[in-house]
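*Asks:* This is what each chain is made of:
Protein chains: 2
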Amino acid sequence: MKKSPFTPISSEARLIKQITKHTKIKHESTKKGIGDDAAVLGSLKNGEQLLSTDMLIEGVHFDPAYTPLGHLGYKSIIVNISDICSMNGVPTHVLVSLGVPNKYSTEHIEELYSGVHKACQNYNIDLIGGDTTSSPTGLIISVTIFGDSEDRPITYRHGAGSNDILLVSGSLGGAYLGLQILEREKEIFNKNNKSQPVLDKYQHVLERQLKPEARTDAISIFKELKITPTSMIDISDGLSSDVAHICSSSNVGVKIFEDKIPISKESQRVCEELQISPTICALHGGEDYELLFTLSPKDYSKITHIEEFAPIGHVTSGSDIELVSKLGEPISLIDEGWDSFLRKKQNI
Amino acid sequence: MKKSPFTPISSEARLIKQITKHTKIKHESTKKGIGDDAAVLGSLKNGEQLLSTDMLIEGVHFDPAYTPLGHLGYKSIIVNISDICSMNGVPTHVLVSLGVPNKYSTEHIEELYSGVHKACQNYNIDLIGGDTTSSPTGLIISVTIFGDSEDRPITYRHGAGSNDILLVSGSLGGAYLGLQILEREKEIFNKNNKSQPVLDKYQHVLERQLKPEARTDAISIFKELKITPTSMIDISDGLSSDVAHICSSSNVGVKIFEDKIPISKESQRVCEELQISPTICALHGGEDYELLFTLSPKDYSKITHIEEFAPIGHVTSGSDIELVSKLGEPISLIDEGWDSFLRKKQNI
Numbered sequence: 102m103k104k105s106p107f108t109p110i111s112s113e114a115r116l117i118k119q120i121t122k123h124t125k126i127k128h129e130s131t132k133k134g135i136g137d138d139a140a141v142l143g144s145l146k147n148g149e150q151l152l153s154t155d156m157l158i159e160g161v162h163f164d165p166a167y168t169p170l171g172h173l174g175y176k177s178i179i180v181n182i183s184d185i186c187s188m189n190g191v192p193t194h195v196l197v198s199l200g201v202p203n204k205y206s207t208e209h210i211e212e213l214y215s216g217v218h219k220a221c222q223n224y225n226i227d228l229i230g231g232d233t234t235s236s237p238t239g240l241i242i243s244v245t246i247f248g249d250s251e252d253r254p255i256t257y258r259h260g261a262g263s264n265d266i267l268l269v270s271g272s273l274g275g276a277y278l279g280l281q282i283l284e285r286e287k288e289i290f291n292k293n294n295k296s297q298p299v300l301d302k303y304q305h306v307l308e309r310q311l312k313p314e315a316r317t318d319a320i321s322i323f324k325e326l327k328i329t330p331t332s333m334i335d336i337s338d339g340l341s342s343d344v345a346h347i348c349s350s351s352n353v354g355v356k357i358f359e360d361k362i363p364i365s366k367e368s369q370r371v372c373e374e375l376q377i378s379p380t381i382c383a384l385h386g387g388e389d390y391e392l393l394f395t396l397s398p399k400d401y402s403k404i405t406h407i408e409e410f411a412p413i414g415h416v417t418s419g420s421d422i423e424l425v426s427k428l429g430e431p432i433s434l435i436d437e438g439w440d441s442f443l444r445k446k447q448n449i
Numbered sequence: 102m103k104k105s106p107f108t109p110i111s112s113e114a115r116l117i118k119q120i121t122k123h124t125k126i127k128h129e130s131t132k133k134g135i136g137d138d139a140a141v142l143g144s145l146k147n148g149e150q151l152l153s154t155d156m157l158i159e160g161v162h163f164d165p166a167y168t169p170l171g172h173l174g175y176k177s178i179i180v181n182i183s184d185i186c187s188m189n190g191v192p193t194h195v196l197v198s199l200g201v202p203n204k205y206s207t208e209h210i211e212e213l214y215s216g217v218h219k220a221c222q223n224y225n226i227d228l229i230g231g232d233t234t235s236s237p238t239g240l241i242i243s244v245t246i247f248g249d250s251e252d253r254p255i256t257y258r259h260g261a262g263s264n265d266i267l268l269v270s271g272s273l274g275g276a277y278l279g280l281q282i283l284e285r286e287k288e289i290f291n292k293n294n295k296s297q298p299v300l301d302k303y304q305h306v307l308e309r310q311l312k313p314e315a316r317t318d319a320i321s322i323f324k325e326l327k328i329t330p331t332s333m334i335d336i337s338d339g340l341s342s343d344v345a346h347i348c349s350s351s352n353v354g355v356k357i358f359e360d361k362i363p364i365s366k367e368s369q370r371v372c373e374e375l376q377i378s379p380t381i382c383a384l385h386g387g388e389d390y391e392l393l394f395t396l397s398p399k400d401y402s403k404i405t406h407i408e409e410f411a412p413i414g415h416v417t418s419g420s421d422i423e424l425v426s427k428l429g430e431p432i433s434l435i436d437e438g439w440d441s442f443l444r445k446k447q448n449i
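From first to last, the protein sequence lines are chains A and B. Position 13 of the first sequence, counted from 1, bears residue number 114 in the numbering used here, the numbering being contiguous throughout. Position 224 of the second sequence, counted from 1, bears residue number 325 in the numbering used here, the numbering being contiguous throughout.
Treat the hints as calculated values from the structure; they're not laboratory data. Any given hint could turn out to be false.
Note that the list lumps identical chains together, so a pair holds whenever it fits in one copy or between two copies.
Stated by the list, open to error - DSS-like mimics (lysine-lysine), calculated; alpha carbons at most 27 Å apart, straight line:
hint, residue 1, residue 2
1, K122, K324
2, K302, K132
3, K132, K146
4, K146, K324
5, K219, K132
6, K204, K292
7, K146, K127
8, K125, K302
9, K122, K204
10, K312, K204
11, K399, K146
Kindly generate the complete structure, drawing on both the sequences and the hints.
*Replies:* Here is the structure:
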């Protein structure tokens with residue numbers, strides 16, 4: 102068989118590598134280009150400017166069958182705020198572009214924007230522009246966000262040092278579990294469209310999936326306690342994938358203790374019901390929008406009283422990403438986080 | 102028949118109006134939000150920052166059947182540069198997000214990016230980030246651009262004053278004619294896929310459609326001659342639509358003289374062949390990415406020697422947009438420029 106001259110796109114990371122190898126930086130103001138959660142421009146009066154962008158596409162990032170449009174608008178802003186948080190910055194402005202299929206009415210788009218406005222209100226952000234166009238198929242939302250470092254140090258993925266403590270905010274796995282419940286109920290409804298989904302007892306995990314929040318509160322705590330994480334990333338693709346980004350950027354390894362990974366009680370309960378391992382949900386589920394960060398041991402001692410931050414392991418001098426199981430066994434962790442080009446997670 | 106509770110989306114302008122009525126500006130740094138070619142932030146060390154974003158969607162903004170991917174990448178940057186030019190600014194940085202269908206290979210995306218890189222090189226812009234994801238259907242390109250006012254006055258749509266001269270850079274209608282040729286050849290090819298399109302003699306109009314340039318040279322001329330247009334917009338939707346934006350924002354009317362509208366010789370020839378009126382192409386065609394601007398009479402006297410700028414009319418104190426035909430007849434101009442929600446132009 103003749104070999105195709107074309108190389109299929111195998112992963113987002115590899116595609117970005119291909120694209121960026123020809124990128125040349127010409128402006129002095131560009132402090133950081135491609136390669137972190139946000140770009141950094143050094144042209145503000147005070148501090149530095151953080152820029153990030155995320156695109157949400159119907160059928161890839163959301164299913165309109167069970168995604169209320171107001172929540173979708175809200176989430177589209179949150180996922181971008183989370184990128185600014187992960188650089189230790191404060192979000193200030195957004196641009197929102199929409200590709201709108203003709204099945205959507207003005208009222209639908211108003212509902213979507215009610216969520217956008219609510220997120221802007223809750224997080225003190227100005228909506229300053231965008232582009233609105235028709236789309237021949239699904240709904241597309243592309244958001245660009247601007248943030249401000251406010252004269253405090255920016256936290257990159259690349260600063261983790263050996264013996265730093267690895268921490269995570271909040272709890273993990275809930276967003277993925279919410280998605281599983283929604284998919285299950287959709288399937289039941291498709292088989293019998295008279296059935297009414299009973300979703301009350303899944304409120305926590307559904308909120309984690311449909312209407313997540315961004316951890317600006319964690320950034321405020323760092324500011325207040327005069328702490329700067331040595332590295333930080335937000336958990337959008339799953340702990341396994343996002344810790345791997347910190348490790349490769351910082352040229353370090355990590356040891357994570359399974360029994361330290363924070364899972365909420367509600368998530369535990371849903372895991373039991375669905376017979377899924379909570380650890381697997383945390384590692385490979387994604388969309389939790391919690392912050393994963395490293396602290397020098399001296400800074401760690403200042404935050405041990407903060408319940409929202411859980412130490413889950415520490416940085417090592419090697420390059421191994423190791424999970425120490427609840428039984429004390431070391432397991433080499435493979436990055437199996439979410440990648441839109443792979444579409445489906447294989448091992449969950 | 103029961104009336105539907107939903108209002109169909111009738112035009113982009115009306116949709117934007119609906120969306121923005123709930124927008125509240127909270128930050129002092131926001132000098133201009135929604136409502137011009139770019140937003141303006143007053144937080145730079147020197148000058149002000151200009152921000153704009155444009156989304157190109159397969160099947161709405163381009164047809165992959167006849168759009169080389171390198172040109173498409175180039176054009177996606179140009180249309181954004183043009184928005185910065187229309188504010189009298191200089192482009193500096195871009196973020197490029199892609200939604201990639203699985204029919205595209207790594208090589209296709211590299212080709213697209215070769216055009217992005219070329220535009221960045223030609224216009225001295227840094228590519229600093231973006232988002233890359235899969236798309237279930239067509240290719241999506243969403244670009245956000247940043248520009249710098251470099252301590253010179255920003256030109257808004259709203260500054261046109263009575264008796265100002267209305268000018269346009271370059272020539273109009275070519276991009277629309279290029280599209281007509283491409284559509285004609287596609288139809289011929291679809292009927293007989295052995296036919297080879299002969300496109301040599303249409304090079305000018307095809308370039309205007311497939312690989313336009315942005316008028317940064319005009320901004321340099323303004324800078325050099327210490328001139329500031331009183332209002333400016335880029336011609337993306339067609340002269341009729343874009344002059345209407347200046348008029349409504351500035352609360353003025355205009356009188357345009359048909360015989361002054363610049364049409365290139367090549368465009369004239371293609372118009373004759375296709376039996377289309379060159380004036381109609383200029384008025385309603387769009388995608389020329391030329392600058393439409395107004396100058397106070399005293400500044401106008403400084404640029405009469407610049408061949409690239411054609412005076413096409415003047416600002417009036419009323420609100421009428423009037424075209425004086427070649428026969429001297431006044432015609433009331435209706436905005437029939439390109440709107441993606443209308444999909445098809447009705448009167449061309």
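*Asks:* Any of the earlier hints contradicted here, and which numbers?
*Replies:* 1, 2, 8, 11
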